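Model the placement of chain B on the given structure of chain A, informed by the hints.
Going down the list, the sequences are from chains A and B. First residue of the first sequence? That's 1 in this note's numbering, and the numbers climb one at a time after it. First residue of the second sequence? That's 508 in this note's numbering, and the numbers climb one at a time after it.
Keep in mind that the hints were calculated from the coordinates and are not lab data. Treat the numbers as computed from the prediction; the structure is a model and nothing was measured. By construction, the Cβ of each residue, glycine as well, lies at the ideal position given by its N, Cα and C atoms. Some hints here could point you the wrong way.
[What the hints assert, rightly or not] The calculated DSBU-like cross-link candidates involving lysine-lysine, where the alpha carbons are at most 35 Å apart (straight line), are:
(1) K112(A) - K805(B)
(2) K892(B) - K119(A)
(3) K329(A) - K1270(B)
(4) K1228(B) - K1399(B)
(5) K1299(B) - K247(A)
(6) K832(B) - K843(B)
(7) K1270(B) - K635(B)
(8) K1299(B) - K329(A)
(9) K858(B) - K107(A)
(10) K107(A) - K1067(B)
(11) K120(A) - K843(B)
(12) K668(B) - K419(A)
(13) K419(A) - K941(B)
(14) K843(B) - K1067(B)
(15) K884(B) - K668(B)
(16) K668(B) - K335(A)
[As the list claims (entries may be wrong)] From the derived model, a few chain A residues whose C-beta atoms are all more than 10 Å from chain B:
(17) F69
(18) P93
(19) H135
(20) K443
[Said to hold, decoys possible] Quick list of the computed label-pair ranges, beta carbon to beta carbon:
(21) K119(A) - Q840(B): 49 to 55 Å
(22) T484(A) - N1291(B): 34 to 40 Å
(23) P1154(B) - G240(A): 30 to 36 Å
(24) K1080(B) - K419(A): 31 to 37 Å
(25) F69(A) - E863(B): 55 to 61 Å
(26) E1239(B) - F69(A): 26 to 32 Å
(27) D973(B) - Q137(A): 46 to 52 Å
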Amino acid sequence: MRSRQQEATERLAAHTRREFLNTSASGLGLAGLGAALTADGLLSPRTARAADAIAASATNPLAPKPTHFSPKAKSCIFIFMAGAPSHIDLFDPKPELNKRHGQPLPKSMLDKVRFAFIKKDNALLQGSPFKFAKHGQSGMELSELVPHIGSVADDILLVRGLHSEQFNHHPGQLMMQCGRGAFGLPTMGSWLTYGLGSESQNLPGYVVLTSGRGSSGGATLWQSGFLPSVHAGVLFRGQGEPVLNLKNPAGLPPELQRAGLDTLRDVNQGRYAEVRDPEIASRIAAYELAFRMQTAAPELIDLSSEPKHLLESYGVERPEPKGKGGRGKQGDTYKSFARNCLLARRMVERGVRFVNIVYASWDHHSNIPNELPYNAGCVDQPIAALIKDLKQRGMLDETMVVWGTEFGRTPLGENRSGKREVGTGRDHHPFSFSMFMAGGGFKGGMTWGKTDDIGWGVEENDVHINDLHATMLHQFGLDHLRLTHRFQGRDFRLTDVGGEVVYEWLA
Amino acid sequence: MWSGFRLVSARPWRRLGRPHALLMIALAAAGWIPLVGAESRPSDSAEHWAYQSLHSAEPPTVQVGPFSDHPVDRFVAARLRSADVAPSPRAPRHVLIKRLSYDLIGLPPTPAEVEAFVNDKSPDAYEKLVDRLLASPHFGERWGRHWLDKARYADSDGYEKDRPRANAWRYRDWVIAAINNDMPFDQFTIEQLAGDLLPGATPMQRLATAFHRQTLTNTEGGTDKEEFRVAAVFDRVNTTGAIWMGLTVACAQCHDHKYDAMSQREYFQLYAFFNNGDEANTSVPKSVAAQSQYATLKKQHDAKVAALESKRSARRNALLAELDKHEAALRAQLAKRPANAVAFHPITFDKLEASEGVRFDRQDDGSYLVTGSNPAKGQYTLWFKSDLAASPGVTGLRIETLADKRLPSNGPGRVQHGNFVLSDVRFYAATTPKLDKNHRVALKSAKADFAQDNWPAAAAIDPKLDTGWAVGPQFGKPHHIDITTTKPLIINGTAHMQVVLDQQYGSQHTIGRFRVSLRTGSEPNDGMPGPIVNILKGDATKRTAKQRDTLLDYVASRDKSYAELSKELDALKKQAPASPNMTVRVIAQRGSPRQTRVLIRGDFLRPGDPVTGGTLNVMHKFELRADGPTVKLGGDRLDLAHWLVDPANPLTPRVAVNHVWKHLFGHGLVRTVDDFGVRGEKPTHPQLLDWLAAEFIRLKWSRKALIKTIVMSQTYQQSSKHRPELAERDPENRLLHRQNRFRVEAEIVRDLALSASGLLSDKVGGPSVYPPLPAGIASLSYANNFKWNTSKGEDRFRRGMYTFFKRTSPHPNLLTFDCPDSNTSNLTRNISNTPLMALTTLNNITFVEASQALAKRLVSRAANNDVDRLQHGFNLTVARDPAPHEVESFSKLLETSRSWYATRSDDAKKLVGGYQPEGVSPAEAAAWVVAARVMLNMDEFLTRE
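Just chain A, same shape as in the assembly (with noise of 0.2 Å):
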């Protein structure tokens, strides 16, 4: 049921809207600008143009911009498993490795290399307890552990040789969402809007959803570093409003709301007149973007209007389920991550360029066989149920689905003790670990790297973060390398330094 208020607050806001629309062209009279400045014989059309194109740009910096080439995808979710899930447990196979179970790694293997925890002289190998078995067509081979991403199989492609240089998750979780393990850079959502602008006009165009605990990178994975805020991700809540400060004052009604911008709007306009300054403009379409984001937020997370067996297929109203979980819970997880899934979807379809799921932690150095499973049922049924909804509504061609994390995890049992003995936990491992997308334009059904017999380096086909990220800005109609801003004296991108495109992977 919607309230009173609400009602009354959607009347105003497509009022608003069309007033907006209608009586002063584009906006609040910026294209009017120019125009009215000419009339007045105070401008030169040439000179009009150019103050136009000056408030253009300072009025909407999220206005869609042109592609570098036509592009597949409109929109991402970006589902960000944050703790770095096994790969060997849910989507690598490794028999050897279980023929292994119990054996030490040869010496030579083991003195380059660094563990968190491990204590490497005494570190056994550790099969995976779980079974695998194949999938659609494609016969794709994954965890008893995700049957409903199972079910999908033919949608996604699944990548396996993945690795990274960071190793502990701060860095790393850095390096995958701004393509360094390095403080102050802008996110991939906030490149994406920086270099796509948002479709939509009453929401944000990057969103985040958080489930589960904090991540070890907490609201640093989604800022826009040296990029104005504008391209930060805003942090939709499960509690409470779903963007902060979005309820008037207690006793404030939306009535008195609208009338209040009026009167703002009333002065900044005369300000407007008087000074001349496009940020003017820039400031009063801000505050009617906000008061039509205070009708949009709120519809857009009722969920009331979605039929019943499309809520249970992503289940929204699944319980917790009995025993472990410590690492990945926090309150009614299940449900939360659930709804998540679905806020993407509706997200998407309102405009919403970038929307990262995040979901913590995976960061299993103990007790796999409890709490993997836990995670894993978490967010199988939903993301499955995800790709499923996209698909049924057309809209899984031009929203790109990732499935992604900053490393993978040890072949090798966690003996934090010391003993010679295999554990139930494996340590971090960024020499090779595994992600899956789907839609986007890109190929279903296909399995792509291949790590070696024990899951722990890469033998065909490795993929780089920078490669992974430099694809899906393909997939977006933008070239990696002319994505660029200026800071410091230096062109920074998302790939840093690096980044390949990988054609194969191109439906």
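Leaving out everything else, chain B in the frame of chain A:
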């Protein structure tokens, strides 16, 4: 066997992409782009303008429009005239006072201040205003915050764990005070980069080095300490390069700079200076008052202690006089002892081992002090031989952990607060020197004189390494643990033995001073300590003075009146006045210097050629100070700081005046304030930049004098109205044909609203505060490890710069308005304009509260009419009276609101909150909240015009 094993792809071209690599080479060959490498750097980079000496041009004698003969105006006028553009008129007085107040103290002027200035007919009215604002304590806050952006100041460690940094705010206070006291910029530079190296460095000069202690600290599990130490040193080099030289030195971390005249080797010469400054702690007085109060109290206390001590020593002398009598009594007691009474025998070790760099210094009392490097964990392996295991054998071990003034908090542990965790004790013995697990001696029980909750003595002999014995909060005193063997260890003849003290807790919870004794016997003894027994058994004629003192101490400890005096003394010492100092994190020069090496591709695991300290060849000569202690290393941070502020250095003053200019005009004279290199923009007014740089030095690096010079110019005082007729010719106002308008910074957005509404606390400095934070923000930090305890009272309304800054979860009101995240140095903030900002100033609790307070302030006016109240609201926010159309629009809003709330008293009360003024209805008060809220959102209010 698996094949093809490798760690990562070993194809370097792959990261660049082969086709691109080939293209780059082709382009380079064609001369279109520079090829990476020293030889191929643009040959003119050394001739780049920024490296050249300051150009000493006289200001041109050009008069344009209203411009004065102020040197700044003459430079600007010359440019304007050559472009045939007239300057803008001087801004009206109410705009000038608002502009100056925003720029110099970051607060709106009060209506009374505006009125006084507007009506001040004296010729120096403007100058008096400037002087008043420069003298305000809020000047240091405003300009201190600019500096804190550069210093990447925050209240937490950064990275995953992001722990709070206790007392970090002391550095913020240092900056505010230095700027308020107008510390010359050269001294400001030297103290922050190398205050610890100044002769006779004061605590405040050491505190200044916290500038480079703002780097992040990664305490995530399993990090390589060296990796993150190197990362912090890189950051120090890069930050120094950016702030003082305006150069992107970071580019030369991995390779020679592509564009600027800097080789990778030169980068590591700079790195060498910082490589020998380590992260350290130091004590600073909490405050001047606390320090002098302490001095008085300490004197009184010391006198009392001395009096009691002399009383006690008189009693000791009396006991000495009758020592023979007491000794005879002790001998009699000893004679009655059972043969197998428990006795402890301190061990002298043949060999002591721990991780690299840890040293063990034997003390006179048979204990060992642990010195040298201080790793996170410890495993002390101690070898010795002993005959004591002869039947009836050894029955256990005693491990004493001893206090020592040389340890942090007097020990016994090596961590800052003096604790330790003894995770496991292992004991081995055999007849041969080779010991292994087959020679492990089984241990039965462990008892300690004191154990911390949840860290019992027994945990030191259980098989678990994550449990152990610890002694918090009883630091700074000796403790011991007695461990018994399951059965007596009997080895006839000389036995080879080993004791392992395993300390795996981490974060330096290791033992700092210890003594280990073998235990023999099993019958309870009379408590007479081993050393006393040995003295009594020894030859009395050969007794040393020291042995006699030991004996006398023991006798005294059993003497009732001496013991009472001791007790009294202990009690008195506990009442000693608390230290007036607090601990702060700083940088301190390393005792034994590190050899710096070039790190190949910036990789800390790939050291290359050794280098010593040095600067850039393209710049003026680098000279070591004559009495410097580090000539061999090529100098230290102090030499570098001197080089940076050497008058021969053209970069430092150019970059510094450009920063100041940027804050007063919205743009620098060099628009790329963070890049003075080849890729940066050239100055719009090169001669003016150089004149200001030279003037800054002539003004003895006075920040206030420089600011005054600039704001006194007509160029600064111009109107900021846009001139559409120049939209094409000078769209970005590079000619300075007007002042600029720009939205104020995140902290100032808050300060303005709180100030106009009368809520703002004017307290300067002190610890960070916790203004209201929306729910669910703190929990985004790692594993929900952070709680935000909202401040009460005055601290709820402090200036934005005092908000506790947690790096992984900063206050959203700050980030939303482009506040830098403080993970790296920030030289120029973005100014964006987003709907989230609108929602913040409309709906965020802080701003709603400001609206409520402002409404109350207006409604409480004596004159009961709307126009008066609206006028006052405009006076408080935009320093002027409202125009008729504004009065009309606000009146309409008031009417709409009044009629809405007339029948909705509950809603009205909600909106008014705790700010209901007396004598009006809630509906009237609520209508004014609606209006006040709009005033606080006016573009003109949030914009520095």
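Against the structure, the hints:
The hinted pair formed by K112(A) and K805(B) fails the criterion: a straight-line CA distance of about 57 Å is larger than 35 Å. Taking the CA atoms of K892(B) and K119(A), the gap is about 31 Å. The hint holds against a cut of 35 Å. At roughly 43 Å between alpha-carbon atoms, K329(A) and K1270(B) are farther apart than 35 Å, so this suggested pair is violated. For the suggested pair K1228(B) and K1399(B), the alpha carbons sit about 28 Å apart, so the restraint of at most 35 Å is met.
Using a Cα cut-off of 35 Å, the hinted pair K1299(B) and K247(A) holds, with the two alpha carbons roughly 24 Å apart. Restraint check for K832(B) and K843(B): satisfied, since their Cα atoms lie roughly 18 Å apart, inside the 35 Å limit. For the given pair, K1270(B) sits about 24 Å from K635(B) by alpha-carbon distance, which is consistent with the 35 Å threshold. Proximity of K1299(B) to K329(A) is assessed by CA-CA distance (about 33 Å); at most 35 Å being required, the pair is judged to hold.
With a CA separation close to 29 Å, the supplied pair K858(B) and K107(A) stays within the 35 Å bound. Between K107(A) and K1067(B) the CA atoms are separated by roughly 66 Å; this puts the pair beyond 35 Å, and the hint is violated. This hinted pair does not check out: K120(A) and K843(B) have alpha carbons roughly 57 Å apart, beyond 35 Å. Of the supplied pair hints, the one linking K668(B) and K419(A) holds, its CA atoms being roughly 27 Å apart against a limit of 35 Å.
Straight-line distance between C-alpha atoms of K419(A) and K941(B) comes to about 22 Å, which keeps the hinted pair within the 35 Å bound. Restraint check: the Cα-Cα separation between K843(B) and K1067(B) comes to about 23 Å, which is no more than 35 Å; the hinted pair holds. The hinted pair formed by K884(B) and K668(B) meets the criterion: a straight-line CA distance of about 19 Å does not exceed 35 Å. This hinted pair checks out: K668(B) and K335(A) have alpha carbons roughly 27 Å apart, not beyond 35 Å.
The claim that F69(A) lies off the interface holds: its Cβ sits roughly 16 Å from the closest Cβ of chain B, which is beyond the 10 Å cut-off. The claim that P93(A) is not at the interface with chain B holds, since no C-beta of that chain comes within 10 Å of its own (minimum 14 Å). Against the 10 Å criterion, H135(A) stays outside the reach of chain B, whose nearest CB is about 25 Å from its own CB. Non-interface call for K443(A) relative to chain B: holds, since the shortest CB-CB distance, roughly 21 Å, exceeds 10 Å.
For K119(A) and Q840(B), the hinted distance range of 49 to 55 Å is satisfied, since their beta carbons lie about 52 Å from each other. In this structure the hint that T484(A) and N1291(B) lie 34 to 40 Å apart at CB holds, the actual value being about 37 Å. For the pair P1154(B) and G240(A), the supplied restraint of 30 to 36 Å is violated, since their beta-carbon distance comes to about 58 Å. At roughly 47 Å, the beta carbons of K1080(B) and K419(A) sit outside the given window of 31 to 37 Å.
The given range of 55 to 61 Å is respected by F69(A) and E863(B), whose C-beta atoms sit roughly 56 Å from each other. Distance hint check for E1239(B) and F69(A): the Cβ-Cβ separation is about 31 Å, which falls inside the suggested range of 26 to 32 Å. Our hint of 46 to 52 Å for D973(B) and Q137(A) holds, since their Cβ atoms are close to 50 Å apart.
When each numbered hint is compared with the structure, violations occur for hints 1, 3, 10, 11, 23, 24.
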